[in-house]
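Those sequence lines, one after another, are chains A and B.
The letter at position 231 of the first sequence is residue 231 when you use the working numbering, and the numbering goes up by one with no holes.
The letter at position 200 of the second sequence is residue 200 when you use the working numbering, and the numbering goes up by one with no holes.
Because the hints were derived from the structure by calculation, they are not lab data.
Incorrect hints may appear among the rest.
Per label pair, the in silico range of CB-to-CB distance [to be verified]:
1) B/Asp203 with A/Gly161: 27 to 37 Å
2) A/Leu86 with B/Leu217: 20 to 30 Å
3) B/Asn134 with A/Leu28: 47 to 57 Å
4) A/Leu28 with B/Asn220: 31 to 41 Å
5) A/Thr76 with B/Asn104: 25 to 35 Å
What the simulated footprint calls covered on chain B by chain A, stretch by stretch (three residues with Cβ under 8 Å from a Cβ of chain A suffice, anywhere in the stretch; the number is not a length) [unchecked claim]:
6) 41-54
7) 75-84
8) 192-199
9) 239-245
Bear in mind that the values here come from a model prediction, so they are computed numbers and not experimental data.
Even for Gly, the Cβ is constructed at its ideal location relative to N, Cα and C.
The lines below spell out each chain.
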Amino acid sequence: MRCCCALLLIVCAALDCHSQTYTQRGSLETQSTFYPQEAKNDRTHVVGESLFRYEGFFNPSGLVQLAGGLDFRIDTHLQVDRDFKLSWQDRETRRPIGAIRHLSATYHKGPVTVEMGKQFIRWGKTDIVTPTDRFAPRDFLTVVDNDFLAVTAMRFNFEKGTNTIEAVWSPRFTPSRIPLPNQRWAAFPELPPGVTLRDAGASFPGGPQSGVRWNHAGAIEYELSLYRGFNHLPSFDGTPRFTSTGIEVDVRRFYPKIIMAGGDVAAPAPWFTLKGEAAYFSSTDNRADEYALFVIQLERQAGEWFFVGGFAGEAITRNGSRAADFAPDRGLTKTLLGRAGYTIDANRNIAFEAAIRQNGEGVWIKSEYSQLLGQHWRATLDLTLISGDTGDFLGQYNRNSHAVIVLRYSF
Amino acid sequence: MSRVLTPAFSIFFILLQLDPRQIVEEAQRRTTTQSQRYEGTLRVIDAKNKLTEKRWQYDRIGSHGASKAILRFTAPPEVKGVALLVLNHPDRSSDQWMWTPALNRDRRIALQDRSTRFFGTDFSFEDLEERDTNQFDFRLLGEESIDGTTCWKLQSTPRQAKVSQYTHSYLWIRKDNYVFAQIENYNKDQLVRRAHYSDIRNDQGIWTAHQIDMHDLKRNSHTILSIEKLQYNVPMKDDAFTREALSRES
Numbered sequence: 001m002r003c004c005c006a007l008l009l010i011v012c013a014a015l016d017c018h019s020q021t022y023t024q025r026g027s028l029e030t031q032s033t034f035y036p037q038e039a040k041n042d043r044t045h046v047v048g049e050s051l052f053r054y055e056g057f058f059n060p061s062g063l064v065q066l067a068g069g070l071d072f073r074i075d076t077h078l079q080v081d082r083d084f085k086l087s088w089q090d091r092e093t094r095r096p097i098g099a100i101r102h103l104s105a106t107y108h109k110g111p112v113t114v115e116m117g118k119q120f121i122r123w124g125k126t127d128i129v130t131p132t133d134r135f136a137p138r139d140f141l142t143v144v145d146n147d148f149l150a151v152t153a154m155r156f157n158f159e160k161g162t163n164t165i166e167a168v169w170s171p172r173f174t175p176s177r178i179p180l181p182n183q184r185w186a187a188f189p190e191l192p193p194g195v196t197l198r199d200a201g202a203s204f205p206g207g208p209q210s211g212v213r214w215n216h217a218g219a220i221e222y223e224l225s226l227y228r229g230f231n232h233l234p235s236f237d238g239t240p241r242f243t244s245t246g247i248e249v250d251v252r253r254f255y256p257k258i259i260m261a262g263g264d265v266a267a268p269a270p271w272f273t274l275k276g277e278a279a280y281f282s283s284t285d286n287r288a289d290e291y292a293l294f295v296i297q298l299e300r301q302a303g304e305w306f307f308v309g310g311f312a313g314e315a316i317t318r319n320g321s322r323a324a325d326f327a328p329d330r331g332l333t334k335t336l337l338g339r340a341g342y343t344i345d346a347n348r349n350i351a352f353e354a355a356i357r358q359n360g361e362g363v364w365i366k367s368e369y370s371q372l373l374g375q376h377w378r379a380t381l382d383l384t385l386i387s388g389d390t391g392d393f394l395g396q397y398n399r400n401s402h403a404v405i406v407l408r409y410s411f
Numbered sequence: 001m002s003r004v005l006t007p008a009f010s011i012f013f014i015l016l017q018l019d020p021r022q023i024v025e026e027a028q029r030r031t032t033t034q035s036q037r038y039e040g041t042l043r044v045i046d047a048k049n050k051l052t053e054k055r056w057q058y059d060r061i062g063s064h065g066a067s068k069a070i071l072r073f074t075a076p077p078e079v080k081g082v083a084l085l086v087l088n089h090p091d092r093s094s095d096q097w098m099w100t101p102a103l104n105r106d107r108r109i110a111l112q113d114r115s116t117r118f119f120g121t122d123f124s125f126e127d128l129e130e131r132d133t134n135q136f137d138f139r140l141l142g143e144e145s146i147d148g149t150t151c152w153k154l155q156s157t158p159r160q161a162k163v164s165q166y167t168h169s170y171l172w173i174r175k176d177n178y179v180f181a182q183i184e185n186y187n188k189d190q191l192v193r194r195a196h197y198s199d200i201r202n203d204q205g206i207w208t209a210h211q212i213d214m215h216d217l218k219r220n221s222h223t224i225l226s227i228e229k230l231q232y233n234v235p236m237k238d239d240a241f242t243r244e245a246l247s248r249e250s
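Hey, can you work out the whole structure from these sequences and the hints?
Now the structure itself:
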């Protein structure tokens with residue numbers, strides 16, 4: 001309530017005679033996913049999904065902007081809730097039918113910008129794995145095709161010349177959405193006979209999260225960042241219960257406290273741009289690991305081609321006592337990562353992405369062809385191949401190779 | 001005495017006119033403004049004569065090497081919001097960042113990547129820079145007619161500090177109003193891009209080409225940029241040309 005009053009005050013204070021503008025954009029997207037193989041816990045071969053997205057930007061004055069976005073979606077595979085409500089918190093296990101994708105007010109004057117509300121905050125410079133991107137939870141219902149979720153936060157940005165300082169305070173935690181237990185993207189360990197798992201829900205942390213970063217954009221661009229809060233990716237604790245049929249393990253999600261210190265750098269060289277990002281994660285929660293993540297990547301754009309290639313690594317300094325965790329960021333470490341894109345013409349492009357585990361136990365390859373049809377329509381065909389051993393983060397999805405056809409109308 | 005001075009002065013003046021740097025500096029001086037705003041329509045015509053249309057809004061504060069610019073796509077709908085921030089420097093190449101709303105992230109365009117096409121148009125990222133005359137050496141090659149108008153033909157070569165995809169360029173500057181009529185950009189002996197300027201009008205006392213036809217000779221495609229709703233010296237604030245501002249829709 002206090003937050004709403006503050007937003008209203010800012011808007012009222014800034015309503016002067018400045019010209020007002022309103023811009024909007026949106027899309028209606030229909031997607032069909034085809035899985036040739038059945039998974040152990042999911043026999044579905046075809047999943048259909050439709051998403052309507054609308055975004056509006058209102059500038060009541062030269063100093064203030066109000067930005068908002070709404071998502072409405074429906075699907076055939078119960079990844080979307082069937083009860084209609086407009087979700088703000090993104091804490092549901094399924095995707096909500098209606099969601100406020102983002103809603104924020106921005107005030108800017110001189111070098112200072114303050115943004116309050118539900119917003120997207122992206123830190124870091126690397127692709128695929130971004131260790132310092134701590135205010136960027138994602139929807140991982142389909143692990144390899146994920147989308148960012150906004151966080152409720154207040155962001156202060158000071159940009160002067162080549163230096164930027166940004167401070168973020170988020171009063172309420174937004175977790176990443178993880179695969180549903182009864183669907184193919186949830187991978188379970190092999191259990192002994194008589195042992196079953198039961199979803200006991202989640203314990204969401206109550207405290208705020210905060211972070212600060214300093215970026216310098218000189219000939220070499222670098223950034224230092226600190227974060228104190230919670231991992232938006234869950235860990236799992238198991239509590240066994242003895243029943244008449246065997247042992248039932250209550251699996252509860254928790255989000256350990258973390259402190260992150262990290263940095264990134266982008267250095268242009270004559271033939272490519274070298275980017276690096278690293279972060280160290282410590283925790284006062286003994287159940288959580290303490291570890292460092294790092295990514296080194298090379299980027300090059302030549303003619304119609306765009307190349308990114310790199311390596312992501314991890315060093316664990318303390319093993320926590322949690323039973324398991326869902327950590328795609330760490331799952332993609334000790335991995336060679338690559339991405340290439342080619343623009344065929346103004347309307348057509350192709351792209352390839354690959355992640356190959358260092359030990360060869362997991363491979364993910366994605367190829368995409370996309371074509372603009374007229375001014376509003378775009379058709380995209382994705383082919384994703386996943387193979388490997390079930391013990392590997394990527395390999396465990398070895399029955400989830402799939403093809404996706406997306407048809408999008410933008411306005 | 002005055003009979004002697006007048007022809008001497010005239011000869012001096014002619015020599016002055018023929019100094020290639022002064023020609024380009026005069027062209028630059030005549031287009032120096034506090035700011036510029038226009039709506040651009042880009043018609044991209046590929047080698048197979050297939051037409052794609054895009055639109056952008058262009059805002060610039062300052063002029064030439066001391067300017068900052070943001071261009072923001074307004075159409076087609078699927079690229080709406082994609083924006084490019086160009087911070088020009090008088091003594092070196094510009095800094096450029098591109099904002100893509102779908103990623104909620106800006107990406108710095110590295111110097112070695114500036115020769116690539118900008119978002120499917122025939123302009124490269126480097127072509128969107130504002131160039132300062134001090135970054136080039138000039139040589140006057142003579143006079144030629146472009147579209148029936150007499151022009152000075154000059155050769156410009158980037159100096160050491162300027163890293164460019166082009167080894168040299170030929171510039172045609174109209175003698176009547178100092179407006180660029182054509183620029184041919186070369187990489188060694190190969191003509192890479194040709195920009196042809198037409199529909200020249202006087203806007204607020206500044207002669208401005210309202211149509212630029214950029215021809216990519218390698219791909220045999222060209223992009224025609226039509227400039228509409230052009231305004232000079234519109235009040236603009238410096239803080240509208242930052243990376244933070246790049247991410248704000250307008």
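Original post:
Residue count check for the segment 75-84 of chain B against chain A: does it reach three with CB-CB under 8 Å?
Top reply: With 6 residues in contact (Cβ-Cβ under 8 Å with chain A), the coverage given for the segment 75-84 of chain B holds.
Original post:
How does the Cβ-Cβ distance of A/Leu28 and B/Asn220 compare with 31 to 41 Å: does it lie in that range?
Top reply: Hint holds: Cβ distance 36 Å, inside 31 to 41 Å.
Original post:
Falls inside 47 to 57 Å, the C-beta gap from B/Asn134 to A/Leu28?
Top reply: holds (51 Å)
Subject >> Claimed coverage, the segment 239-245 of chain B by chain A - three or more beta carbons nearer than 8 Å >> reply: Answer holds; 5 residues pass the 8 Å Cβ test.
Original post:
Would you say the C-beta atoms of A/Leu86 and B/Leu217 sit inside 20 to 30 Å of each other?
Top reply: Cβ of A/Leu86 to Cβ of B/Leu217: about 54 Å, so the range 20 to 30 Å is violated.
**OP:** Go check the segment 192-199 of chain B versus chain A for me, would you? Three or more residues, Cβ under 8 Å, otherwise it fails.
**Re:** violated (count 0)
**OP:** Apply the coverage criterion to the segment 41-54 of chain B and chain A: a residue qualifies when its Cβ sits closer than 8 Å to a Cβ of the chain, and three qualifying residues are needed.
**Re:** Check passed, 5 qualifying residues.
Subject >> Consistency of beta-carbon spacing, A/Gly161 to B/Asp203, with hint 27 to 37 Å >> reply: About 32 Å separates the Cβ atoms of B/Asp203 and A/Gly161, which means 27 to 37 Å holds.
Subject >> A/Thr76 paired with B/Asn104, Cβ distance criterion 25 to 35 Å >> reply: Once the Cβ atoms are compared, 29 Å apart, the range 25 to 35 Å for B/Asn104 and A/Thr76 holds.
Checked against the numbered hints given earlier, the structure breaks hints 2 and 8 and satisfies all the rest.
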